Amino acid sequence: MTTTAERPAAQLPPPPRRRPALRVSARRSLTAWLFLTPTLLILVAFTVYPMVQALYLSFTDYNLIRAAEWVGLDNYTELLSDGSFWNAFGNTVLYALVVTPVTVVLALAFALMLNQAFRGRAFARTAIFLPFIVSLGIIAIAWAFLLDPNIGLISHWLSLVGIVPEQGWLSDPRYAMAAVMIVGVWKNVGFYMVIYLAGLQSIPVDMYEAARLDGAGVLQRFRNVTLPLLSNQTLLVSVLALIATLQAFDQIYVMTRGGPFFRTETLVMLVYREGFQELRFGYASAISFVLVIFVFILSMVQFGYLRRKQVTY
Amino acid sequence: MKTQHRRRSPERRARHTLRPLTLVAALAVTGLALAGCTGQGSGGGSDDQPDASGKVTLDFWNGFTGPDGPALEKVIEDFNASQDDVEVKANIMPWDTLYQKVLTSVAGNDGPDIIAMSASRMPQFASQGLFEPLDDYYTDADNDTEALATAAVDASVFDGVNYGVPVNFTPMMMYYNKDLFSAAGLDPEAPPTTWDELAGMVPKLTVDENGDGQPEQFALALADHETVPVFASLLWGTGGSIANDDGTKSTLGDPESIEALDFWVSLIRDQKATQIGMSGADADKLFQTQKAAIEVVGPWMTTGFDEAGLNYGLAKPPAGPSDEAVLADVVSMGLPAGTSDAQKEAAYEFFAYWNSAEGQTTWADGSGFPPNRADVADKVTASPYPAIFGAAEVTDVSKTLLPGVASGGPIMETIFNPSVQKALNGEGSVKDIFTDASAQVQAELDK
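Read top to bottom, the protein sequences are chains G and A.
Residue 80 in the UniProt record's numbering sits at position 80 of the first sequence, with consecutive numbering throughout.
Residue 408 in the UniProt record's numbering sits at position 408 of the second sequence, with consecutive numbering throughout.
I should point out that these hints are in silico values taken from the structure, not numbers from a laboratory.
Computed from a predicted structure; not experimentally measured.
Every residue gets a Cβ at the ideal spot worked out from N, C-alpha and C, and that includes glycine.
Not one of these hints is a red herring.
Footprint (simulated), chain A over chain G, 3 or more residues, beta carbon under 8 Å:
#, segment
1, 257-268
2, 274-280
Computed footprint of chain G on chain A; a stretch qualifies when at least three of its residues, placed anywhere within it, have a C-beta under 8 Å from a C-beta of chain G:
#, segment
3, 100-107
4, 118-131
5, 275-282
6, 422-429
Please work from the sequences and hints to get the whole structure.
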């Protein structure tokens with residue numbers, strides 16, 4: 001028994017003619033779905049379907065040639081006691097924890113700097129953005145050359161100031177992780193900078209003028225105008241950067257292959273190793289699924305946290 | 001100012017995050033995590049069926065990207081011209097690309113008809129059902145397999161079944177830089193023949209010009225990863241090894257193995273005999289730029305060393321205190337599981353031609369590799385290297401590493417090489433590191 005049903009029918013005002021309105025909104029969302037259909041189909045075919053397939057494979061023993069054999073949760077229980085997995089997990093978290101904030105802060109700093117008018121601004125913008133569009137494989141090879149202990153330019157410069165690498169920067173367990181981190185930041189910072197630049201340019205000038213009239217200094221203007229009005233960009237940039245760092249693979253694969261002795265092996269590298277080198281695709285799928293869940297949870301936490309800070313105007 | 005920015009109400013936020021489209025988008029973004037392990041491209045297709053004229057085309061994948069590639073193609077060309085029934089097409093790509101692609105493309109029925117790979121990797125793939133057994137090739141007298149070097153044939157045997165036919169059989173030899181020997185006051189015609197002699201030469205061949213503790217010139221170019229497993233073969237010198245002959249028991253923790261590792265690790269760590277952490281390509285570069293006096297490597301480097309203008313000598317690697325075994329690497333050709341009879345027959349014809357006196361002469365002349373059969377040695381005249389690498393005193397003591405062990409690849413890449421790197425970086429004592437590694441090797445062998 002609902003309260004509406006108890007109302008005498010006679011007292012009701014004539015029902016508003018809402019059907020046309022509904023039809024408009026339905027039509028609108030239908031149009032939206034229609035426009036989205038091609039993309040969604042591609043997503044289903046190339047993302048959702050492989051994910052479901054990978055989820056299935058993660059419960060099997062599979063080598064690509066023989067039919068997959070159902071093993072239940074075996075792969076996941078094996079993960080828990082697998083030292084390689086925890087090592088890669090730790091490396092991944094370390095990499096993400098360092099590279100994500102450094103990338104975001106640097107991207108913002110570059111964007112602020114390059115938003116000012118000065119001679120050579122276009123060059124600086126291009127120079128910072130360029131690494132992003134060059135293939136990571138090529139970048140990694142170039143860096144491996146720069147850091148080479150015998151013929152590397154950077155090694156040479158460092159030796160001029162008395163820093164002589166005992167071995168290659170990339171093969172020394174103390175520096176290998178730092179080296180791939182630096183390249184990871186350098187590679188992507190330009191892309192996030194461009195997002196921030198777009199954000200900065202969409203902030204109305206009158207906001208700054210109003211703040212200035214209120215007596216706000218440079219720092220205050222940055223804290224109370226720039227930063228809040230960039231919250232959309234910050235949300236996007238930090239979520240994208242975190243996901244990208246958690247999937248770090250290519251530059252590490254080319255620069256160190258996860259070595260020396262697995263010091264730079266990340267989860268995606270481990271997935272690759274278990275799958276394509278040890279031919280254990282079921283186990284590799286289980287690892288990638290743990291990574292997917294981990295990325296999903298972290299992204300949701302980030303969404304939730306940063307959305308609360310979000311500001312619209 | 002804050003009034004100008006309207007904060008979203010909590011309800012609105014909650015509703016927003018639950019919208020299906022947002023979820024789809026979030027899932028899609030998260031799904032990128034999988035992108036790295038789903039999209040392996042497959043290789044080019046091949047004509048699996050005989051064409052109208054009855055000719056069978058075989059797609060032959062291999063990794064002879066160096067100066068040996070043209071030699072390989074020359075033999076294939078000769079074979080194609082010698083008959084009208086079979087045509088072989090070489091598909092040359094880097095070895096690591098080949099290993100990455102071969103499994104997915106065979107599984108997708110879009111792979112090669114003939115696969116060449118290091119015989120040390122074949123057991124792993126054979127144990128997964130990738131290869132067709134080829135025992136009947138060896139029982140057919142027409143194929144003249146009796147003439148082939150036994151070690152080359154045996155290298156591709158797994159579980160008593162032969163899955164491959166040799167492409168080449170190559171002992172690793174010691175290249176030494178005669179100019180650097182002279183500069184160090186050593187006789188350029190007297191390379192070290194034993195470990196002790198080598199150890200005696202290391203201080204003279206290691207040069208630290210500016211006294212910063214980092215040598216500018218190293219006695220050795222010895223890689224610890226991504227290379228033919230020269231380091232692993234050094235265990236043999238004292239009678240040590242990674243596993244016993246039938247691949248059932250790990251011997252990496254045995255006293256003989258530890259003794260050998262102790263010798264090499266202290267030579268490298270304490271005397272800086274080589275640069276630590278080099279890949280095979282780094283070691284080649286070090287020797288090629290005259291920053292190292294000695295490298296143990298295969299004949300594929302000779303062209304590069306010649307072009308660099310090095311004045312080098314070639315000799316058998318120094319013998320250990322109790323054994324003088326030389327590491328040999330074998331590349332074999334296999335057929336993917338499910339190969340049709342017609343294709344098998346066609347492939348056998350090619351294998352027989354490859355290993356015929358004619359084919360091997362062309363191959364050795366052009367590539368510098370020693371021939372797979374002793375009876376053509378005197379016909380190889382275009383290059384001096386096949387004779388040196390194929391000399392009886394070398395091939396007689398040549399051994400392959402971990403023959404027939406299915407987990408040989410993983411043992412080398414995930415246990416042995418990382419352990420060597422750990423030891424060379426001083427992260428624990430040799431004994432502890434390799435006793436631990438030995439238990440891991442045993443676990444792999446028991447799988």
